[in-house]
Each structure stands twice: as structure tokens, then as C-alpha cells.
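K.L.:
Protein chains in written order, with the working numbering: chain A, 1 to 283; chain B, 1 to 109.
Do not rely on the hints blindly, as some may be mistaken.
Claimed, not checked - Partial pick of chain A residues on the chain B-facing surface, computed with a CB cut under 8 Å:
no. : residue
1   : L8
2   : G10
3   : V58
4   : S64
5   : G65
6   : R69
7   : G71
8   : T80
9   : L83
10  : A86
11  : E153
12  : G229
13  : P238
To be verified - Here chain A is said to cover these stretches of chain B; the calculated rule only asks that three of the stretch's residues, wherever they fall, bring their Cβ under 8 Å from a Cβ of chain A:
no. : stretch
14  : 6-12
15  : 63-70
16  : 73-85
Keep in mind that the hints were calculated from the coordinates and are not lab data.
Every residue, glycine too, gets a C-beta built ideally from N, C-alpha and C.
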Amino acid sequence: MTVGLLALVGLVLLGLVSGSLGALVGIGGGVVIVPALTILFGFDIKTAIAASLVAVAVTSITASGRYVRLGLVNTRLALTLELATALGGLAGGFIGTLVPARVLSVVFGVLLVVTGILSLRGHGEHGEHVGAAGVERAGWETRRPLGGAFWDERTASMVSYTAKRLPIGEGVSFVAGLASGLLGVGGGVLKVPAMNLGMDVPVKVAAATSSFMIGVTATAGLTVYLGRGFLHPGVAAPLALGVLAGALVGTRFAGAASPRALRTTLGVILVLVAVVMVIRGAG
Amino acid sequence: MKSDSGHALVAAVLRGGVALGGVLLAIGLAIGIVAGDTSTPALRLTDLFAGGPLHARLELAGILVCGATPGMGVLALIGARLRERDWAAAATATVVVGILLVGMIIGHV
């Protein structure tokens, strides 16, 4: 396979857009990258998924490298939910032969429409402003209950929060893992609204925590595709470099963005992705 | 109880992975463009030191660094939580790594 210079530039641009949006709202972008690589660039689906998993991993480490340092990622919450995602991924691998991917694609799409509308309409600005004087501008975590605090650049104050209704987060994370195992997507599009709307976690923490989680999930999938010989470095490398640059830009804007703007962006992305998923399922 | 001692370590691991992976990817891509060789064979892990053109192997090395970095971040977290004697968080992270390893092994079989 050969990638021409024009396609190479296109891959970098696709990575730039996907990386910046992904870092901003906590998604990996696999549900956008895979259709773009197959439909616009003409790559086969397995090459596209392998390249997409590389892009998700790069978005994750670039964005969460900054978010972890700022204390926006709740690592305890991330790994508690990742437990369900990993189990869902395993289950997805086992039941993949029983449920047609088309059916799951439509179900996943409908679920995204619902969460997208909830994100657009919801009141997801959770957390309590606890003042600015005499506090360090870095977040922290609490062990029990799962929660913590973070420095909100926009309001110049510390915001404390507690994650509620953990079973909702675990349930949605399991479904995200299931979708990851069956459809080759990261599941960040489900995890962010689950944390924000279902568990009352502030949207900035939800997006940052999801950024950290999707990298762990993508790594597991990537090793499988690498082992089976579906990874074309010439496709994945320019995409990954674009994603890296885009994610660096996205994380700069995330700190100062308003929760409402982030939720609206996420909601629009969710609805667009849902349309793609339903079309893929129906087609 | 407040706790954020693991954040600095994990952030350092993630940022180090981004820097190293990014440099390898950029060098590999640049060599391919300069040499006028934009072929992209499918490579496996074992091709890193033996198979394929140099630019593709450098790109593969960059991809491997980026792909391994999230796992290294979780391992760093396990170390940080053990140091804090937060056994529950350390156990959760260890089980996550275990499940992912099982998934990878099943996927390869």
C-alpha cells in the first residue's frame, strides 16, 4: 500500500480536527476517524480501526498528560469505571459472534442520540465553588467517597465535587466496553455524559477523566490489531502527528471553556456520531 | 482524605511518552518523505528490528511508545497508590491491568 502526499496531508488534517475536539470533550474520535478513513480515504475497515486506535491512544496521552498535572483527572474514578469497561470489552469479544454488529451499531446510535439530547438540554454544571484564597491551583482526589476538587480557570476558584450514583457510571462504562469490543470505538462518547449527567461529576473533570480512560482501552485493542498484522504505520503515523498537535491545542482551550460550551459541543458531536452509527448499521 | 501524590508521576510518564513517541513518528515520516518512499507495509511487533523500510520501522517504534504509554501510566498509578497505602485503588488498577492482559491474550489466540 502507498500513501500519496495529498493523502498524507489529509491524514494530518483529519488528525488535527479529531485531536483538538477529542481533547476538548474527552473522546478519542474513533467513531469519526474510522468512517472518514474508509469512506474518504478508501482504506479497508481493519486498517482504519488499527489507525484509529493509535489516534485514540495519542489523543489520550497528549490530553491527559496535561489534565493529570492540573488535577483535572480523577484517577480513582477512572480506574473504578475502567474496571467495568475492561469487563465489557471482554464480554464484547465473547458475544461478538452472537449479536450482529449492524444491530449493535443502531442500538449504540440510538443511545447516543438520547445522551446527545440530554447533554444539549441538561444542567450539568456540578460541583461547589469553595473559594480562591489560600488554595493551591492544582486539584486533588478523595478516596471515599470518590470525588475531589479542581482549579477552574474560568471562574478562578477551586471547585469541589463528589461522584454520585456509581452504579450508573459502572453500567454505562460496561456498555462502552461492550461497544469497544464489538465496534472498535473507544466509548468516550458514552462515558463523559454518564459521569457528567449520571454521576454529577463536573464536565471538565468528566472529559479529562474520560481522556485518561480511553487510552487504556485503546491500548488493549491496538495490541490485537498489531498482532494480526493490520497496522500500517504509514497511515497511522501522519494521523497520530495531527492528533498530537490538535490535542495540544484542544487542551489549551479546555481550561478556559465554559461548561455549557463543552456540553453543547459534546451534544452536537454525539448527535452527529449517532447519525453515522445508525447509517452504518442500516447500510 | 486528600491525595494527589500520584498525579505528578503519572503526568511525567504520559508527557515523556508523548515526547518520545512524537519525535520517533516525526523522524520516520520525514525520512519517508525525503526519500520519496511513501509505501506503508503492514508491520507486526517482530518487524521492528528486521522487516520493512527504516522510515516505517521508526514510525512503528513511535506507535509502540504511544501505545504503551497509557499502560505505563496505570503502572505508575499502582506504584503511587501502594506508596500511599491505598490498597483498594492499587488493587482496582491491578485488576484492570489483569483484565486487559487477558483480553490481549484472547485476542491474539
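K.L.:
Do the numbers back the hint for V58/A, that is, is its least Cβ distance to chain B under 8 Å?
P.N.:
holds, 5 Å
K.L.:
For the stretch 63-70 of chain B, count the residues whose Cβ lies under 8 Å from any Cβ of chain A; is that count three or more?
P.N.:
holds (count 6)
K.L.:
Have a go at the G65/A hint: is there a Cβ in chain B nearer than 8 Å to its own Cβ?
P.N.:
Check passed: Cβ of G65/A comes within 4 Å of chain B, closer than 8 Å.
K.L.:
State whether the coverage of the stretch 6-12 of chain B by chain A holds or is violated, taking the criterion as 3 or more residues with Cβ-Cβ distances under 8 Å.
P.N.:
That given contact holds, which follows from 5 residues of the stretch 6-12 of chain B lying within Cβ reach (below 8 Å) of chain A.
K.L.:
Return the status of the interface hint for S64/A: holds when the least beta-carbon distance to chain B is below 8 Å, violated otherwise.
P.N.:
holds, 6 Å
K.L.:
Next item in the hint list is L8/A. Is there a CB on chain B closer than 8 Å to its CB?
P.N.:
holds, 7 Å
K.L.:
So, G229/A near chain B? Judge it on the closest CB pair being under 8 Å.
P.N.:
holds, 5 Å
K.L.:
Please check whether E153/A passes as an interface residue: C-beta within 8 Å of a C-beta belonging to chain B.
P.N.:
Because about 17 Å separates E153/A from the closest Cβ in chain B, which is outside the 8 Å limit, the hint is violated.
K.L.:
Does G10/A hold up as a contact with chain B if the rule is Cβ-Cβ below 8 Å?
P.N.:
violated, 13 Å
K.L.:
Take the stretch 73-85 of chain B, compare each residue's beta carbon with every beta carbon of chain A, and decide whether three or more fall closer than 8 Å.
P.N.:
holds (count 3)
K.L.:
Classify the hint on P238/A as holds or violated, based on whether any CB of chain B lies nearer than 8 Å to its CB.
P.N.:
Interface hint status for P238/A: holds (6 Å vs cutoff 8 Å).
K.L.:
With 8 Å as the cut and Cβ atoms as the points, is L83/A at the interface with chain B?
P.N.:
Given a least distance of 5 Å, the restraint on L83/A holds.
The structure shown violates the earlier hints numbered 2, 11.
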